[in-house]
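Can you make the complete structure from the sequences, with help from the hints?
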Amino acid sequence: MNTKHAVTVDNAKEIGLLPKEFEKIKEILGRTPNYTELSIFSVMWSEHASYKNSIKWLKTLPRTGKQLVVEAGQENAGMVDVGDGIACVFKIESHNHPCAVEPYQGAATGVGGINRDIFTMGARPIAQLNSLRFGNIDMDRTKWLVNGVVKGIANYGNAFGVPVVGGEVFFDDCYYQNPLVNAMSVGLMKTENLVSAVSKGIGNPVYIVGSATGKDGIHGATFASADITEDSADDIPSIQVGDPFQEKLLLEATLEVIKSKAVIGMQDMGAAGIICSTSEMSEKGGCGMKVNLDKVPLRQKNMEPFEILLSESQERMLIVVEKGKESIVEAIFEKWDLNCAIIGEVTEGDRLHFYMHDELVADVPASYLVLGGGAPIYEREYKEPKYYKETKNFNINSIPETQDLKAITKHLAGHPNIASKRWVYEQYDSMVGTKNMTTNAPSDAAIVNIKGTKRALAITTDCNSRYVYSDPEIGTEIAVAEAARNISCSGGKPLAITNCLNFGNPYNPEVFWQFVGAIKGMSNACKKFDTPVTGGNVSFYNQASIDGTIEPVHPTPTIGMIGLLEKEHQMTLDFKKKGDIIYLIGSSKNDINSSEYLYSYHNIKLSPPPQFDLNEEYVLQAVIQKLIRLGMLESAHDVSDGGLFVTLLESAMPNSLGFDILTESDIREDAFLFGESQSRVVVTINQEKEDEFIDFMVKIKFPFSVIGHTTKGKIVVDDQHFGMVDEYKTLYDNAIGNKMKH
Amino acid sequence: MKFGVVIFPGSNCDHDMIYVLKKIMNQEVVELWHKNTDLQGCNFIVLPGGFSYGDYLRSGAIARFSPIMEKVIEFANNGGYVMGICNGFQILVEAKLLPGTLTANKNHQFICKNTYIIPHESKSAITRNLNKNEALKIPIAHGEGRYYADHETIKQLQANNQILFSYCDMEGKITPEANPNGSTSNIAGICNEGRNVFGMMPHPERAADPTLGNIDGKLIFNSIIKTLE
Numbered sequence: 001m002n003t004k005h006a007v008t009v010d011n012a013k014e015i016g017l018l019p020k021e022f023e024k025i026k027e028i029l030g031r032t033p034n035y036t037e038l039s040i041f042s043v044m045w046s047e048h049a050s051y052k053n054s055i056k057w058l059k060t061l062p063r064t065g066k067q068l069v070v071e072a073g074q075e076n077a078g079m080v081d082v083g084d085g086i087a088c089v090f091k092i093e094s095h096n097h098p099c100a101v102e103p104y105q106g107a108a109t110g111v112g113g114i115n116r117d118i119f120t121m122g123a124r125p126i127a128q129l130n131s132l133r134f135g136n137i138d139m140d141r142t143k144w145l146v147n148g149v150v151k152g153i154a155n156y157g158n159a160f161g162v163p164v165v166g167g168e169v170f171f172d173d174c175y176y177q178n179p180l181v182n183a184m185s186v187g188l189m190k191t192e193n194l195v196s197a198v199s200k201g202i203g204n205p206v207y208i209v210g211s212a213t214g215k216d217g218i219h220g221a222t223f224a225s226a227d228i229t230e231d232s233a234d235d236i237p238s239i240q241v242g243d244p245f246q247e248k249l250l251l252e253a254t255l256e257v258i259k260s261k262a263v264i265g266m267q268d269m270g271a272a273g274i275i276c277s278t279s280e281m282s283e284k285g286g287c288g289m290k291v292n293l294d295k296v297p298l299r300q301k302n303m304e305p306f307e308i309l310l311s312e313s314q315e316r317m318l319i320v321v322e323k324g325k326e327s328i329v330e331a332i333f334e335k336w337d338l339n340c341a342i343i344g345e346v347t348e349g350d351r352l353h354f355y356m357h358d359e360l361v362a363d364v365p366a367s368y369l370v371l372g373g374g375a376p377i378y379e380r381e382y383k384e385p386k387y388y389k390e391t392k393n394f395n396i397n398s399i400p401e402t403q404d405l406k407a408i409t410k411h412l413a414g415h416p417n418i419a420s421k422r423w424v425y426e427q428y429d430s431m432v433g434t435k436n437m438t439t440n441a442p443s444d445a446a447i448v449n450i451k452g453t454k455r456a457l458a459i460t461t462d463c464n465s466r467y468v469y470s471d472p473e474i475g476t477e478i479a480v481a482e483a484a485r486n487i488s489c490s491g492g493k494p495l496a497i498t499n500c501l502n503f504g505n506p507y508n509p510e511v512f513w514q515f516v517g518a519i520k521g522m523s524n525a526c527k528k529f530d531t532p533v534t535g536g537n538v539s540f541y542n543q544a545s546i547d548g549t550i551e552p553v554h555p556t557p558t559i560g561m562i563g564l565l566e567k568e569h570q571m572t573l574d575f576k577k578k579g580d581i582i583y584l585i586g587s588s589k590n591d592i593n594s595s596e597y598l599y600s601y602h603n604i605k606l607s608p609p610p611q612f613d614l615n616e617e618y619v620l621q622a623v624i625q626k627l628i629r630l631g632m633l634e635s636a637h638d639v640s641d642g643g644l645f646v647t648l649l650e651s652a653m654p655n656s657l658g659f660d661i662l663t664e665s666d667i668r669e670d671a672f673l674f675g676e677s678q679s680r681v682v683v684t685i686n687q688e689k690e691d692e693f694i695d696f697m698v699k700i701k702f703p704f705s706v707i708g709h710t711t712k713g714k715i716v717v718d719d720q721h722f723g724m725v726d727e728y729k730t731l732y733d734n735a736i737g738n739k740m741k742h
Numbered sequence: 001m002k003f004g005v006v007i008f009p010g011s012n013c014d015h016d017m018i019y020v021l022k023k024i025m026n027q028e029v030v031e032l033w034h035k036n037t038d039l040q041g042c043n044f045i046v047l048p049g050g051f052s053y054g055d056y057l058r059s060g061a062i063a064r065f066s067p068i069m070e071k072v073i074e075f076a077n078n079g080g081y082v083m084g085i086c087n088g089f090q091i092l093v094e095a096k097l098l099p100g101t102l103t104a105n106k107n108h109q110f111i112c113k114n115t116y117i118i119p120h121e122s123k124s125a126i127t128r129n130l131n132k133n134e135a136l137k138i139p140i141a142h143g144e145g146r147y148y149a150d151h152e153t154i155k156q157l158q159a160n161n162q163i164l165f166s167y168c169d170m171e172g173k174i175t176p177e178a179n180p181n182g183s184t185s186n187i188a189g190i191c192n193e194g195r196n197v198f199g200m201m202p203h204p205e206r207a208a209d210p211t212l213g214n215i216d217g218k219l220i221f222n223s224i225i226k227t228l229e
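Here the protein sequences line up with chains A and B, keeping their order.
Residue 363 in my numbering sits at position 363 of the first sequence, with consecutive numbering throughout.
Residue 170 in my numbering sits at position 170 of the second sequence, with consecutive numbering throughout.
Fair warning: there could be bad hints in the mix.
To be verified - Rough simulated footprint, nothing fancy, chain B against chain A, three-plus residues with beta-carbon under 8 Å:
(1) 159 to 165
(2) 437 to 451
What the hints assert, rightly or not - Some, not all, of what chain A presents toward chain B, calculated at C-beta under 8 Å:
(3) K248
(4) Q427
(5) Y428
It should be emphasised that the hints constitute simulated quantities derived from the structure, not laboratory data.
Beta carbons are placed, not taken as given, at the ideal position from N, Cα and C, and that holds for glycine.
Below is the structure:
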């Protein structure tokens with residue numbers, strides 16, 4: 001055994017382990033670990049890999065349903081049955097910390113990593129979404145981050161050849177130092193082709209394929225589990241570098257090798273590199289593994305064993321191959337000009353033995369390294385923060401009732417949180433693969449064709465983190481509900497979710513209170529909509545540390561949801577022609593809580609979340625789904641950020657139509673137009689179908705009201721002319737581009 | 001007609017093209033692997049979009065040296081039909097089968113969106129059966145699609161009717177605002193003097209499946225098939 005590096009508790013602390021964890025390691029091994037072994041435990045027990053502070057609560061989420069092919073946490077990504085023997089594999093993941101210091105590579109490797117999670121199971125990625133959050137767009141640092149992140153996603157994803165079909169971009173001061181970059185990938189496969197991340201069959205060879213291993217990303221998982229500070233830029237060696245061309249070759253070669261039936265198990269190498277894949281696959285198969293680290297193709301000379309084990313070099317896979325089928329596998333990787341090296345074999349027992357030139361450099365038990373095995377599990381304290389009570393002090397009467405409504409509409413249409421994200425998404429290839437059905441038919445969720453069937457996927461990512469900050473439980477219920485609403489309004493039925501839980505430091509009880517509330521809200525809503533949680537990731541330590549004060553980001557549990565629709569029921573959000581009647585389904589409320597209007601126009605940052613009732617929301621969506629199936633609607637668009645006026649505007653702009661509406665007399669004008677109370681959908685009805693529509697709505701007894709009609713281009717509210725739709729469109733389309741220019 | 005779609009490492013629109021030619025246009029299609037040198041008796045070769053060999057040196061610069069390209073160049077020089085879309089166009093330009101060059105977009109960003117293009121009287125298969133007064137909605141997706149050639153070459157292209165398509169507005173007017181990437185004279189696609197080699201940046205294969213709500217690209221494939229069959 002290599003004992004060159006005698007280690008102490010101080011070494012353990014330096015690489016992120018707690019003293020009591022160091023004691024536990026000594027107990028597990030029955031001796032003091034060497035530095036290589038210590039490094040192994042450090043990354044495998046990091047928050048990022050072990051979920052040690054979150055797993056207790058994650059297990060309370062609803063994780064079963066007849067639509068699931070594999071249960072949450074079983075494989076690299078969730079897997080849902082979409083009919084015809086086809087399964088949809090999907091997952092969302094964060095790459096926040098790398099992006100905070102190196103936005104271009106941080107975002108690029110985030111895209112690479114999430115796609116590998118999909119194709120390592122045997123699915124071909126067909127769509128990507130990303131959910132991005134930055135600080136104030138007027139700040140130079142934010143522009144640098146936006147530019148870098150968008151270019152990173154674009155350059156990687158465009159070359160890899162999977163379209164970006166949707167996502168979110170949001171700006172708030174709380175993300176100034178620590179942006180959130182959450183990437184989601186969705187793939188399709190024949191259910192029978194599933195490849196597990198498992199290692200078994202004593203004597204089977206273990207291959208590493210794809211890129212060579214370098215010193216990039218050492219201790220990346222540990223870096224992801226620490227606070228972002230002013231000094232984080234010093235940690236740049238922890239950032240990995242992406243190569244989309246290698247990823248594209250790896251994708252094609254991997255799918256081809258899976259077809260050959262020579263593969264026992266496979267896992268991509270992401271966080272914590274070789275050690276993570278070897279330990280997780282071995283633990284799952286109940287086997288051990290002998291690995292010769294000197295056989296790993298390297299990109300750099302003089303790499304230490306711990307560096308080879310921990311390296312997070314991108315575009316690599318670990319494959320356990322059925323003995324005797326080595327030549328089949330090698331020929332496929334030869335065809336695609338990729339490295340393919342045997343580095344070891346499956347052994348009996350549960351020990352992982354790592355050798356360097358015949359010298360044993362680490363000897364660790366796989367089961368003690370991984371989540372669900374011996375990795376630590378902690379219960380964290382939590383406590384209601386002071387601000388929570390203060391949110392309830394807000395009174396709508398503190399805002400004057402009579403205001404310049406037109407000025408507010410212009411403020412919102414040109415606000416970066418509301419305005420078109422065209423500057424961002426036009427840099428992404430959104431059409432490669434010829435499956436994106438929303439390019440020419442916009443809807444609330446992205447619609448992606450499942451070729452050769454009558455169905456399509458509806459996909460969306462959603463989270464209004466201001467609502468979650470105001471009330472984590474209700475705010476997260478709303479995030480799930482909004483995702484489901486987007487799918488319902490597009491003609492689909494929600495199926496399942498993946499989540500990306502972005503929070504501050506879990507050792508801060510007030511942050512953990514937010515986390516617990518979010519989990520409870522997610523459970524409530526996912527049970528209601530029968531959308532089980534299939535997996536995802538947790539990203540803690542998202543916070544700013546400026547001059548010694550630590551401010552966590554708003555709690556941001558991003559929901560990635562998929563749904564299924566019959567293509568004949570695809571519904572769009574755009575007004576179709578002038579003279580259609582505009583109805584609001586759901587009821588207007590005297591509520592401006594946590595609206596963009598209240599937050600950025602009146603500068604009131606603390607108020608409760610908008611009014612929301614989960615049962616009412618559920619019925620609303622059932623009504624919308626029914627109306628679409630009955631063919632009664634010309635368009636459907638939900639009311640969300642910016643309120644009813646913005647919803648109308650977004651429906652009006654695609655075909656340059658306008659609208660003429662009347663506000664409700666017993667609701668404040670600002671609440672009616674800009675309030676964000678939930679469970680509302682704007683629909684248009686062809687005049688000829690109006691009677692039938694009213695009959696239906698009366699019969700089912702769900703609140704609805706006529707609010708006006710579509711026009712040739714004029715926007716009129718209570719007989720007051722607000723301007724032509726194209727004036728708004730110019731403002732809306734160019735707001736972010738203009739900001740990025742300066 | 002037998003179409004051959006070349007697959008380079010890094011091609012990513014190859015299967016979109018094959019799908020459209022096979023399933024939408026009902027043509028015979030074979031895949032041509034970059035390491036091979038057999039064109040399998042195809043009478044129309046397509047170089048699809050993507051990032052061949054990662055496009056790390058310059059778009060299309062490495063692909064032109066691949067084994068299959070040696071045969072494609074020979075085929076084209078003997079009058080065989082070759083069409084390059086996007087990265088395929090870049091490869092044809094690198095291989096000197098088409099004049100000019102494709103440089104970084106004017107805004108130095110990748111651009112993916114629907115654009116309108118107007119077909120010209122080029123006496124070539126690709127535009128022969130298209131209405132010359134009607135703009136087609138065809139999407140672009142590229143970082144280096146700004147067509148550039150010197151004044152002399154542009155004059156020649158115009159004089160010989162080698163310009164296939166120009167970027168235009170919805171009504172078919174060729175305006176500076178309708179030029180998405182800064183291409184000289186709004187050029188979106190050209191052919192060689194022999195009218196057997198075509199290159200264009202917009203992707204007609206992305207506008208051919210009725211499921212996607214736009215079939216303007218199908219008109220271009222129709223024109224080719226109708227002329228050559």
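Structure-based check of all given hints:
1. Counting residues of the segment 159 to 165 of chain A whose CB lies closer than 8 Å to any CB of chain B gives 3, which reaches the minimum of 3, so the coverage claim holds.
2. Note: the segment 437 to 451 of chain A has 6 residues with beta-carbon separation from chain B under 8 Å; the three-residue rule is met and the coverage holds.
3. Using the Cβ-Cβ criterion of 8 Å, the hint placing A:K248 at the interface with chain B is satisfied: the shortest such distance is roughly 6 Å.
4. The criterion of a C-beta within 8 Å of any C-beta in chain B is met by A:Q427, whose closest approach is roughly 5 Å, and the hint holds.
5. For A:Y428, the interface hint holds, the least distance from its beta-carbon to any beta-carbon of chain B being 6 Å, beneath 8 Å.
Consistency note: the structure conflicts with none of the earlier hints.
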